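Chains as they are written, first to last, in the numbering used here: chain A, 1 to 234; chain B, 1 to 291.
Derived from the structure by calculation, the hints contain no laboratory data. Every value quoted in this text rests on a predicted model; they were computed, and no experiment measured them. Heads up, some of the hints might be wrong.
With a straight-line Cα cutoff of 30 Å, these simulated BS3-like cross-link-like pairs (lysine-lysine) come out [to be verified]:
#	chain 1	residue 1	chain 2	residue 2
1	B	Lys-84	A	Lys-67
2	B	Lys-32	A	Lys-72
3	A	Lys-72	B	Lys-162
4	B	Lys-278	B	Lys-32
5	A	Lys-67	A	Lys-18
6	B	Lys-255	B	Lys-278
7	A	Lys-67	B	Lys-162
8	B	Lys-278	A	Lys-183
9	B	Lys-160	A	Lys-112
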Amino acid sequence: MLKVENLKVRYGMIEAIKGISFEVRDGEIVTLIGANGAGKTTTMHAISGLIKAAEGSISLDGQELTKVPAHKIVSLGLAQVPEGRRVFAQQTVEENLILGAYLRRDQGEIAKDIQDVYQTFPRLGERRTQAAGTLSGGEQQMLAMGRALMAKPSILLLDEPSMGLSPLLVSEIFQIIEEINKKGTTILLVEQNAKRALAIADRAYVLETGRITLDGTGEGLAKDERVRKAYLGG
Amino acid sequence: MRFLSNLVTGLGLGSVYAIIALGYTMVYGIAKMLNFAHGDVIMVGAYIAFFALTKFGLPLIPGILVAVVGCTVLGVVVERLAYKPLRQASSLSVLITAIGVSYFLQNGAQLLWSASPKMFPAIISTGTLNIGGLSIAYLTLLTIATCIVVMVCLTLFINKTKTGSAMRACSEDKGAAQLMGINVNRIISLTFAIGSGLAAIAAVLLCANYPTVTPTLGSMPGIKAFTAAVFGGIGSIPGALLGGLLLGIIEILSKAYISTQLSDVIVFGVLIVILLVKPTGLLGKKLSEKV
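For reference, chain B alone in the conformation it holds in the complex (with noise of 0.2 Å):
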């Protein structure tokens, strides 16, 4: 029962993750490129949540709607400002600058807000559900909830509607997707929008379960989805969540039964393991150059 109970609180931290990787890989799935700022967009959603939730006093799911379009908003400028610009550049450029905006908005947040955490205020009731000698917090049902309504909403959007066919088309080939008249620069925006707004809500998901904020918040999700994302085989959305899932359980497990201070190592290791067996990832496809 406690290893359930243990895999249950894993799948809860994973379900977050999964929502974090969607933002780096399917940027990466579309605009080629690795968004390492993308940590940094789930730090400002946490504060834009904070303070809605807090100073302006607004019931949760209008508070959650403010940070989702604040970090919409926010991915859109920053891809707009910073990365449109080097659309032709090499893609080591636009990885130094992802960097540079990461460390921006850290430095920014700190400038704002100053370093000390602020308390991030419970979203939901902390009891728990028991079945059957199981008990599972309402927290981690909420967050495991939410992972499967974006997961559902996210792969139905890409797979039954046209704009979802058209960030597929430009997924493969931007040159032929522009010769069906479809706006590559609209659909890298758009993919930002979205990746941004998944952030504002893994944001709230995940000061529910570790309620500090603080300028570098993001850091650590930012590293380990990105590991999740990888895991998983960059570019792929179900690669996504398995990899987020996996690496939230490979994590809570590492805690429970092997060392908290070691978790960090296991799960990077387990990374390394894995792209030395599978290179792609796991769901990963192969890239095959064109002769």
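Pulled out of the complex, with its shape left as it was, chain A reads as follows (with noise of 0.2 Å):
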């Protein structure tokens, strides 16, 4: 379905991602691990249009998209939560969701939609009328999950959900993601917290300074000792 070859981004001089190739196939949730500054969020960005690539392609269901400016890619069916939620604090949540469903027409269905988000979450139903800036980071990450949702997209990143949650509200984020994943969404997780990545993922790559230096299924990974060297903790 999601398809990278070679990948190539520069920031000026500075190479940060150096020729990276992985995909995503239809259903799965496939995760990339990797340390701080190792080049996650650089990818998850190439691939939804925030920075240019400077090298390689990027295709969703064939059609490329790095020729495709950032605003056109999610109607071609992917959404992405970004890293540090990036909710529009401003805004309440419930105007939020709805701009998560901006280029959709469907105003009755968008309207279910959103119950549907209120029911996943049950917590931004409550607080459908406050400011999303007034939210906790755990329902900042919910809201921001949900107004991705909102655009119904057949592919789901999601860039570090766990990113500063209490450890049980990342159980609570890492269970949704793989409902949402059961209900036929694909994923693809950028994580930080490898335990818990790999532990829902169906395959799993590793990001190091810009190459991709290991890829497995999930659970290969987890018992993979230079894996459980590096990010796992021994």
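Mind assembling these two chains? They're in different frames, but the hints should get you there.
What follows is the structure, given as structure tokens:
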């Protein structure tokens, strides 16, 4: 479904992504793990068009994405929950969700999908008229996920959804990611929390300073000696 | 009664400043740039309205509409040609470009229409409304009413429509807005269009009050409205209204009670004091750096 081939991204003279290739197949949860600064967010931004790829190709169901402007990518069925949530702090929870459905024209369906989001994340329903900036970190993460789901994506990119959350909330978020996947949305998950990510992933890639150094099934990588040492604390 | 009458005159002038300040504040809020050519868009609007009303003999409303359309197109074209290529450039380059556009428009106007002043026709009767000894010029009433209508429409548009919500989203986080499918360039264009269209309305009100049309007519009101926008908190629409009205009132009251020559000094002096006490302006939000 999503295929990245020999992707390179540069910031000025610095090459942040040095030619990586990976793919996400229909219905999978694929995770990209790696330390801070490995290039995970850069990769995500390149896929969603927020950063231009210097070389290589990114394709979604065979369509090349590197030439498509960022605001058109969501209409192709790819939505992203960005790192740091980036909810619209001054708008209400409900306004944020409506913005998630910005390109959709089916008003009736949108109203129904908002109710679905409130069902998945009941706390958002309780705070629907509150400004997003007043939510807790966990609630903002839920809002960012709900907002991305409002676009009805066939593939959802999640960038560090566990960042800054309590272990209890992290469990909740990961459980919801699995549920979303079971309902038929393909997932590409970027995480520093390798243990959790590998536990739910069908397949995984390890990203180190702009290169993919390892790949395998989630289970397989979780047992891999090198991964255990570097990312799972021995 | 004298004081009240001065206050109303100040509100009238302040209404014009507020409408101009909206252009500065909206463009700043969305595109994060100071469009110093905004005052000169007012000037072009004044010339268009002048020719439409005199040379082409259009009635008032169609005349104003022509000016609004003309300025809207001008604003969008200027943004497209001068500012859009600099989207990734430093804010200093954009600022200098805006000043360049300002000079370009002023000198272009001088080339096309010469430096000699043109007399703007009266747009409504010069009569006054008397309420219990307080006399208010119809023109002042019209100016204040226009400002109220503009404010109400704009506030409804920004807060109640989908496009308004998209504008607010762009003002907060352009990257996240793009992830929603919002075309940021289109929103910036629209912002310039609205700001410039409002500049045309301001131009007509300004020239109705001070009927001399010259190529530099936009400079001083432009700077004052910019001051008003900063005064109220740049980026904030209610701030532009509050800043504009206060600025108009301070200007007229200092002219009436202190000194005509010193009024501008007092206006800018108050700005400096306000910014020393509250650097974000009266209604400005404190921008916290993202950690």
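Taking the hints in turn, this is what the structure says about them:
1. The hinted pair formed by B:Lys-84 and A:Lys-67 meets the criterion: a straight-line CA distance of about 19 Å does not exceed 30 Å.
2. The straight-line distance between the Cα atoms of B:Lys-32 and A:Lys-72 is roughly 23 Å, inside the 30 Å bound, and the hint therefore holds.
3. Taking the CA atoms of A:Lys-72 and B:Lys-162, the gap is about 18 Å. The hint holds against a cut of 30 Å.
4. At most 30 Å may separate the alpha-carbon atoms for a hinted pair to count; B:Lys-278 and B:Lys-32 meet this at roughly 20 Å.
5. Restraint check for A:Lys-67 and A:Lys-18: the C-alpha separation of about 19 Å stays at or below 30 Å, so the hint holds.
6. Annotation: proposed proximity of B:Lys-255 to B:Lys-278 holds, straight-line Cα distance about 26 Å (limit 30 Å).
7. This hinted pair checks out: A:Lys-67 and B:Lys-162 have alpha carbons roughly 27 Å apart, not beyond 30 Å.
8. At most 30 Å may separate the alpha-carbon atoms for a hinted pair to count; B:Lys-278 and A:Lys-183 exceed this at roughly 52 Å.
9. As the CA atoms of B:Lys-160 and A:Lys-112 are separated by approximately 20 Å, the hinted pair is consistent with the 30 Å bound.
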